[in-house]
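A.B. asks: With the hints as a guide, bring both chains together as one complex.
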Amino acid sequence: MGGDLDSFNQLVLRWERPIFALAYRVIGREEEARDVAQETFLRAFRALPGFKGQAKFSSWLYRITLNLCRDWMRKERRTPVSQAPEGIDIIELAGEATPHETIEQMVGRKELGRAVSKAMATLPEEQRTAIILKEYHGLTFQEIADMLDCPLSTVKTRLYQGLSVVRKQLEQAGVSSDSLGK
Amino acid sequence: MCDSKELIVGYLYDDLTETERRSFDAHMTVCGECRDGLIALRATRAHLGLWSPPVRDLGIRVVREEIGEPAHVLPMRPRWTWMPAFGLAAAAVLVLAAATAIANLEVRYDANGFAVRTGWARSSEVPAQVQAPAATAVAVPASDFARLEQRLNELERSVRSSASGMQVASGPRMSDAEIFRRVREMVDEAESRQQTVVSKRLLQVVQDFDRARQTDLATIQHGLGTYQGLTNAEIAQQRDMLNQLYRVAARQEK
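Each protein sequence line maps, in turn, to chains G and D. Residue numbers for the first sequence follow the working numbering, so the first one is 27 and each next one is one higher. Residue numbers for the second sequence follow the working numbering, so the first one is 410 and each next one is one higher.
Don't read these hints as lab results, they were simulated from the structure. Even glycine gets a Cβ: it sits at the ideal position worked out from N, Cα and C. There are no misleading hints in this set.
Cross-link-like lysine-lysine pairs, in silico, DSSO-like; alpha carbons within 27 Å at most:
hint : chain 1 : residue 1 : chain 2 : residue 2
1    : G       : K194      : G       : K136
2    : G       : K144      : G       : K101
3    : G       : K194      : D       : K414
4    : G       : K144      : G       : K194
5    : D       : K414      : G       : K144
Stretch by stretch, here's where chain D covers chain G in the computed footprint (C-beta under 8 Å, at least three residues):
hint : segment
6    : 59-71
7    : 133-146
8    : 178-186
Take a look, some chain G residues computed to stay more than 10 Å from chain D by CB distance:
hint : residue
9    : S85
10   : N93
11   : E152
12   : L174
Isolated chain D (complex conformation) (with noise of 0.2 Å):
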């Protein structure tokens, strides 16, 4: 096999002094492989020239973050400060009271003279009246029953002339015929309230939809208008950076 695949790369590449390139011509006179490779991978680069990369706006921009300005640090509260002499006293008075609420404290000046007592056990000394109450609560008087069942009396009465008044105006009882052609009355009135409910809810679904199709009709023709604009724009925009590419590629050179 023929060792010049090298030469045969710098021949397809254009990239051989004159002299190799004289000298691989004459080369391929005589060697089919290297002539059918060169023409074989000469198509291979044509191949190639199809690959291309998906066409996309890539708009990438360096851009410099703002850093922002180090917290504050906030100056801590002392925990004690200086108070008002009102605000210690109105302390003072609330422990005082808080206390004496929690010792039950008792002051009395009496006959027996000055007396304070502290503590919760004291039931010896509970007056008889407290407990008085429940035991006169029980005894009702016989009048109060009297007047209640008198009054249930008359609830009982009261309902029972309700009923025969119901009764009353049920009226006679209707035969079997009339009950058909009643009941059928009923059902034709049923049947024409359904159909005209049935008309108003299809004529109201038709109005619905030729609203909406109005509707989309004229959300598409706005949007065919907005892309309309939005290709102008980008034509415009493509444009622009085509001459600023130009310009760039320009100074470069220079």
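For reference, chain G alone in the conformation it holds in the complex (with noise of 0.2 Å):
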């Protein structure tokens, strides 16, 4: 048993950067996307011996991330927020930082990743889901329609209608295409 513990926690080791940032995508806290996360590995390891393999761990994993989220966010009856700082942390930043990028640039990519996550907070949960999974998670269409118990065509309306959501939503917050080459 110690064996087990000692392999699942290579497991945690891998997944749980992914899990903590699809929980923290999709419910918008940080700490409670770390409880979600920490919840996830814990009702996966008690629920190890069932798995049988059917789907990737990932996307079982992935499953019970958002059963978590969905349960949280039904029992707080909170929607998701844009959990960011209101100022900006200039040393957090320079650890980010990516090579020849001055600081005007960080701080404006900083603000546009507000800006994208306040965007993301006004969607509903369904296309909130499915422009995570897709786009930061990189599943199929297939994959988020198992996930999601929906038709693939379901999940392309989805996306569809939410990107067209979070497009109007930063053209309504100044944040237009020539943003991202400033």
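C.D. replies: Structure, rendered in structure tokens:
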């Protein structure tokens, strides 16, 4: 059993960041996302004997995470928030800086990220989830359809609608396609 | 309006067959709405890439809880146990003594013979001597009064003599000018003492401040050194994690 635990913790190490990122983007709160990630792995470990490998391990984890996020939102009766600090931490920003990027560019990139976060928070849950799974986790349309228990065409429609809303929100926030080049 | 949402999304995520792709390419040459829509959604996708979750050290580990041993149940002590004979005898003596005290038992053997009495009602037989001391205590002899009066007179005399001594010690009255001079001297002395105290206090504050500054500087330098050490340790730890991830990923690919 100790060996199982060690092996499982290897998987935790591999998947904790994607799972946390998924939870964070779905519910928009860092601390709660961390709790959801922890609970995901706990549930996965308990349910491990029942996992027969029909789905990919990652898809199985994602499904558990999404269920927990849904439970959390239902319980808290909350919509996702765009959790962004008031100011910009230059030191933290410097750590994330890419080579050949000026401070102005870094700040601009961070602010664009905030605008995207706010725009995503306005989406209905199913559209937001579809975009997150596709855009940030690279799932196929079919995998998303299986995970969300909906037809393939529905997934594509949700993506289209969600992306269109985000585009409009960004335009309203003064973000244009030129912003990326700045 | 052109109803090709699914196609646009498929094209956007490169999820069309070759035939579908060519067909949609041809469609976009004549449909500006789809063409502009696709360009706009591509830009939106690029913007989405800027939203990243906070980078924190999660350190999630699943651990097994230690299950404690069930609590031992200690056997209860029996309510009645065997006691040795001397214990029983001692208990009997105690009970008898308590009963005797409560009953106020009196055993007398005198010229009238042997008598045993119990109870508290014996006021008629209380001897008269018990009340006698109260009566004699009131009768104070006159000689005691005389001694007391003499002592009081002595005390009064001594108090009067000490009061006159104090007047002598105060001496003759000073003139007003002399009083002013003395007061001025006293004020000057007090001011001088005060200035000395303030100077010493200021010196002490300056020294304390300097000492605190040096301590703070040492703490900051120490903290910077620790931070530098931690940073190096974190870099090493992250390198190890990356190597571990590569190994895990390589195993999964196999």
